[in-house]
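*Asks:* Construct the entire structure; sequences and hints are all you get.
Chains A, B and C supply the protein sequences, listed in that same order.
Residues are numbered in our numbering as their position in the first sequence, beginning at 1, plus a constant of 1.
Residues are numbered in our numbering as their position in the second sequence, beginning at 1, plus a constant of 19.
Residues are numbered in our numbering as their position in the third sequence, beginning at 1, plus a constant of 1.
Hints may contain errors.
As the list claims (entries may be wrong) - Going by beta-carbon spacing under 10 Å, a handful of chain C positions derived as facing chain A: (1) F142; (2) G153; (3) L203.
Said to hold, decoys possible - Covered stretches of chain B (in silico footprint by chain A; criterion: 3 or more residues with CB under 8 Å from a CB of chain A, positions within the stretch not fixed): (4) 63 to 69; (5) 115 to 125; (6) 321 to 334.
Said to hold, decoys possible - Taking CB as the label site, the calculated pair distances span: (7) A:S201 x B:L66: 23 to 29 Å; (8) A:E221 x B:V92: 39 to 45 Å; (9) B:V53 x A:R225: 34 to 40 Å.
Bear in mind the hints are in silico, worked out from the structure with no lab data behind them.
Glycine included, each C-beta is placed from N, C-alpha and C at the ideal position.
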Amino acid sequence: MAVVTEFQKAAYVAGQAADARVNVEIEAEGMTLNIGPQHPATHGTLRIVVRLDGEQVVWAEPVCGYMHRGYEKLTEVRTYPQVTTLVNRIDWLGSFANEVPFILAAEKLMDVEAPPRAQWIRTALFELGRLANITLFLGDMGVQLGALTPVFYAFRDREHVLNLIEAATGGRFHPNYDRIGGLKEDLPKGWVTEVKSAMSRIRTFCDEMEDLLVGNEIFETRTRGIGLVPAAVGLEYGLSGANIRASGVDWDIRRDEDSPLAWKHCDWKVWTHPDGDCFARYWVRLQEVREATKIVEQLLDGLPSGPIQAKVPRIIKVPAGEAWVHTDNPLGEMGYYVVSKGGLGPFRTKIRTPSFSNISILPWLLRGVYVPDVITILASLYFILGDIDR
Amino acid sequence: MTAALHLAYWQTTTIKVLVVMGVIPLGALVLAYVFLLKMMSHMQSRLGPMEAGPHGVLQLLADAGKFLQKEDVFPERADRAVFALAPVVVLMSAFLLYVVIPAGPRLTVSNLDTGVFFALAVSSLSVLGVLMAGWSSANKYSLIGALRAAGQLIAYELPLVLGVVGVVIQAGTMSLQGIVQAQAHGALLGFKTLGEPYILPQALGFVLFIVGAQAELTQTPFDMPLAETELVAGYMVEYTGFRFLFFFMAEFGTAFAFAAIGATLFLGGWYVPGVHGTAADVLGPFVLGAKIMLVSFFIFWFRFTYPRFREDQLQAVAWKYLIPLALVNILVTGLLKVVV
Amino acid sequence: MAADAAAGEEAAAGGTPEAESPAAQATATTEAPAPVDERRQPWLEALQAELGEALVGHEIAGGDVWVRVDSRAWRRAVVACRDRLGCDYFCFLSGLDWKADVDLAAEKVWDPEAQPSAPAAGANGGYRTGVAGGDTRFQVFARLFSTSAKVGITLKADLDEEDPRVESIVSLYRGAEWHEREAWEMLGFTFDGHPGLRHIYLPGEFEGHPLRKDFPLLSRDVKPWPGLVDVEAMPGEPEGGGDAEGADAEGAGAEGGEG
Numbered sequence: 002m003a004v005v006t007e008f009q010k011a012a013y014v015a016g017q018a019a020d021a022r023v024n025v026e027i028e029a030e031g032m033t034l035n036i037g038p039q040h041p042a043t044h045g046t047l048r049i050v051v052r053l054d055g056e057q058v059v060w061a062e063p064v065c066g067y068m069h070r071g072y073e074k075l076t077e078v079r080t081y082p083q084v085t086t087l088v089n090r091i092d093w094l095g096s097f098a099n100e101v102p103f104i105l106a107a108e109k110l111m112d113v114e115a116p117p118r119a120q121w122i123r124t125a126l127f128e129l130g131r132l133a134n135i136t137l138f139l140g141d142m143g144v145q146l147g148a149l150t151p152v153f154y155a156f157r158d159r160e161h162v163l164n165l166i167e168a169a170t171g172g173r174f175h176p177n178y179d180r181i182g183g184l185k186e187d188l189p190k191g192w193v194t195e196v197k198s199a200m201s202r203i204r205t206f207c208d209e210m211e212d213l214l215v216g217n218e219i220f221e222t223r224t225r226g227i228g229l230v231p232a233a234v235g236l237e238y239g240l241s242g243a244n245i246r247a248s249g250v251d252w253d254i255r256r257d258e259d260s261p262l263a264w265k266h267c268d269w270k271v272w273t274h275p276d277g278d279c280f281a282r283y284w285v286r287l288q289e290v291r292e293a294t295k296i297v298e299q300l301l302d303g304l305p306s307g308p309i310q311a312k313v314p315r316i317i318k319v320p321a322g323e324a325w326v327h328t329d330n331p332l333g334e335m336g337y338y339v340v341s342k343g344g345l346g347p348f349r350t351k352i353r354t355p356s357f358s359n360i361s362i363l364p365w366l367l368r369g370v371y372v373p374d375v376i377t378i379l380a381s382l383y384f385i386l387g388d389i390d391r
Numbered sequence: 020m021t022a023a024l025h026l027a028y029w030q031t032t033t034i035k036v037l038v039v040m041g042v043i044p045l046g047a048l049v050l051a052y053v054f055l056l057k058m059m060s061h062m063q064s065r066l067g068p069m070e071a072g073p074h075g076v077l078q079l080l081a082d083a084g085k086f087l088q089k090e091d092v093f094p095e096r097a098d099r100a101v102f103a104l105a106p107v108v109v110l111m112s113a114f115l116l117y118v119v120i121p122a123g124p125r126l127t128v129s130n131l132d133t134g135v136f137f138a139l140a141v142s143s144l145s146v147l148g149v150l151m152a153g154w155s156s157a158n159k160y161s162l163i164g165a166l167r168a169a170g171q172l173i174a175y176e177l178p179l180v181l182g183v184v185g186v187v188i189q190a191g192t193m194s195l196q197g198i199v200q201a202q203a204h205g206a207l208l209g210f211k212t213l214g215e216p217y218i219l220p221q222a223l224g225f226v227l228f229i230v231g232a233q234a235e236l237t238q239t240p241f242d243m244p245l246a247e248t249e250l251v252a253g254y255m256v257e258y259t260g261f262r263f264l265f266f267f268m269a270e271f272g273t274a275f276a277f278a279a280i281g282a283t284l285f286l287g288g289w290y291v292p293g294v295h296g297t298a299a300d301v302l303g304p305f306v307l308g309a310k311i312m313l314v315s316f317f318i319f320w321f322r323f324t325y326p327r328f329r330e331d332q333l334q335a336v337a338w339k340y341l342i343p344l345a346l347v348n349i350l351v352t353g354l355l356k357v358v359v
Numbered sequence: 002m003a004a005d006a007a008a009g010e011e012a013a014a015g016g017t018p019e020a021e022s023p024a025a026q027a028t029a030t031t032e033a034p035a036p037v038d039e040r041r042q043p044w045l046e047a048l049q050a051e052l053g054e055a056l057v058g059h060e061i062a063g064g065d066v067w068v069r070v071d072s073r074a075w076r077r078a079v080v081a082c083r084d085r086l087g088c089d090y091f092c093f094l095s096g097l098d099w100k101a102d103v104d105l106a107a108e109k110v111w112d113p114e115a116q117p118s119a120p121a122a123g124a125n126g127g128y129r130t131g132v133a134g135g136d137t138r139f140q141v142f143a144r145l146f147s148t149s150a151k152v153g154i155t156l157k158a159d160l161d162e163e164d165p166r167v168e169s170i171v172s173l174y175r176g177a178e179w180h181e182r183e184a185w186e187m188l189g190f191t192f193d194g195h196p197g198l199r200h201i202y203l204p205g206e207f208e209g210h211p212l213r214k215d216f217p218l219l220s221r222d223v224k225p226w227p228g229l230v231d232v233e234a235m236p237g238e239p240e241g242g243g244d245a246e247g248a249d250a251e252g253a254g255a256e257g258g259e260g
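*Replies:* Next comes the structure, spelled out in structure tokens:
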């Protein structure tokens, strides 16, 4: 019998500590499986510890923080214009949508309102951010279920949206285009025509996804009745956006809240689905993409002329006060609670990100499902790691 | 290959062994290039590899070179002997499959009387390798993958076998050469010149065979044992270098062999209407190759298009639908055989 | 570390002459006859009736309502919001640390050599707190929302500085579990009755509470506040020798960090 080496002892202690950290109690029955932090289904570095009985999940616990960047603390040592650079990186697929609520909160505190043209362009880019984000989901859901092709179509058509964002803002992923009181600059020439053709491409893509996935029997058997979230439970956990609309809650901040942004000038519909399962979440997002293309087109048709920047001091000081501004971001309700003490930068920013609340339901939702369904549920709740860990 | 040339036994044996050793890797290469690298890419609106050779034809050779150079890694707690042996067992099953497939009237490695039986039996040998790989890797993902593979292959062996029984009843022989001959000499609705490819009378059998083969090959929609997005790569998780290459070759080699069996059983194998004797021996391999590509095309088309089932749904499909259908098929075929 | 905290206090001491005290502002707005918000006023009245004395501060402004309750009535307030007001959606829960920050607005250049003076007197207890007032350094705050009425409310409660402790609301809103864990880890609040307060973002052996104002941001020890350095006059736009001052700030900040 070999003597246990110091290294083995240390490894054992480290292993025990790691387990204790997430309160994993080792039992003789069942098997503990670590899904992540490096696992294709978590598209990022989320770790989910599941205990399995056969293939059935007895108990699940997500462990986040592998990507925690401390944005709430960092905003305290940045000036207001600098914060957009940080918050861009929260939900990196729909970055522009992250900037908007923060800028709106600062504007609310300063009692500044951007001119109409800026608001309309903001809204259009917000929806383009939504498209860039959710089109990827529509394809990615297929990959998580084993269908390889949809995601390539998604990347193909999303490219057009990213090109548009790049053309307008100069950045594909991190636009940093929103300014307090307006925008960095006006739209480039010919952009509106390009957007029109890209929107029809996206709608074709939606039809393709409808044929390829929604109409597929295997897709339906894999998603119908899987990961059921009753509306009351979902709300209690703070699920928002498409996730809660898929449970039949007719709530969209874009429509229900009086926001300076231009959604109120457009004719569009908030889709809900009564089922609350993975299929419903996919379906609602599919419709949401279609609506978003409509919103963008209408906004650009009625784009007012005029300045894109309100008069603000060159060095921005935000008066003391507290403001909460939230918007319906691609992933759900995103909000900033900005506390100002009259300085150049926020005194405290609470960033309410949708994914954090969305995945907090996982321990409840994953109990009793099979391993493949874990992946389906993860995919359908649709989180971005930066949005969980901030 | 015996009649014309009068070769000694050891010579024919050597040639046969070399042919089999050559055909399977070559077939695997062709399938992997044509379907995995090119067809899938084009279906997904991308180009695939384009740099190595014209249109990237040499990409797989480059990949093989890369795999061979890699370090042969064993997981720390792996059962080393079993871990090393598993890919060989899987690959062997692919080689054995090809032994009974005729490529011409005289071009067959071994014309067994029970050819169908042999092919289906050795095809399940790969399960053993998969289980060995999954267990010996000392990895939970591997273990789940291997257990899934075992459950799945057992479940789908039945519809596969039962689907083929219809063909055997109709042909009246289990020899693959005999089945080709039966199709060549059969008559379709009294129309004799084209023979009778069994895909027409045995359409249901063909469907069952393709579905079963898809599951045997663990290809989407039945790729739960691999399931990149859940189990990462199932039983292959811990493999790297040339051992992974073995699995890769076995995957496509088996696909090639199953496509060959499908082509032989249902599409008339090497037979071309109006060509007999030595001409058939020369033409046969090409005809068979073309039919193999056709069958493979369907197999891979499904693979690139469909999402995958869940393990329990897969079992339900096998036991609730495929097996009863196969039994009905056998019953009807048997009745027609007796009546007609 | 100590230098940083001290710097924070002294800069706060510098004060912002133009910014009025937020607490004072808050009291002013609650007393001033503002236009009544028809959707939120009934909520406030319902809570006042339900909580009575425990409701210690409130404000309705800018389409939002804040209610500050006694920390002992925290859970009762949440129950009232859930059952009386129909708040079915749990938005977030977090905390505030009102200890004075290094005040970026005080001057363009943060001068670490400036003499520290007594903390600016706030409304109560030396802390200048925000909307709906506050008496102590720490506040826990949560936001609840009613998806049927489409109205949200922000609840606040003052917490003791030495032992910030409040009753958990996990049994009311299951989603609060992670938010309370985060507040526990980031601000050091204790939630009585929480099923398992453990780290959520930070490693298990992490010490300290990063969102507290006295927790040093290590990168700021080696580099000055980027906010200060970057706010310089544009080239060709001379504004009180902004460039020179900016350069000074860089140097001064680096020195301050070492000390």
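*Asks:* State for each hint whether it applies.
*Replies:* Hint check results:
1. Hint status for F142 (chain C): holds, given a least beta-carbon distance of 8 Å to chain A, under 10 Å.
2. With a least beta-carbon distance of about 8 Å to chain A, the hint placing G153 (chain C) at the interface is held under the 10 Å criterion.
3. Interface restraint check for L203 (chain C): the shortest CB-CB distance to chain A comes to about 6 Å, inside 10 Å, so the restraint holds.
4. Interface restraint, the stretch 63 to 69 of chain B with chain A: holds (3 residues with C-beta to C-beta distance below 8 Å; minimum three).
5. Counting residues of the stretch 115 to 125 of chain B whose CB lies closer than 8 Å to any CB of chain A gives 0, which falls below the minimum of 3, so the coverage claim is violated.
6. Three residues within the 8 Å Cβ limit are the bar, and the stretch 321 to 334 of chain B against chain A gives 10, so the coverage statement holds.
7. Restraint check, S201 (chain A) to L66 (chain B): a C-beta distance of roughly 25 Å satisfies the suggested window 23 to 29 Å.
8. A C-beta distance of roughly 41 Å is found between E221 (chain A) and V92 (chain B), which places it inside the suggested range of 39 to 45 Å.
9. Between V53 (chain B) and R225 (chain A) the Cβ separation comes to about 36 Å, which falls inside the hinted range of 34 to 40 Å.
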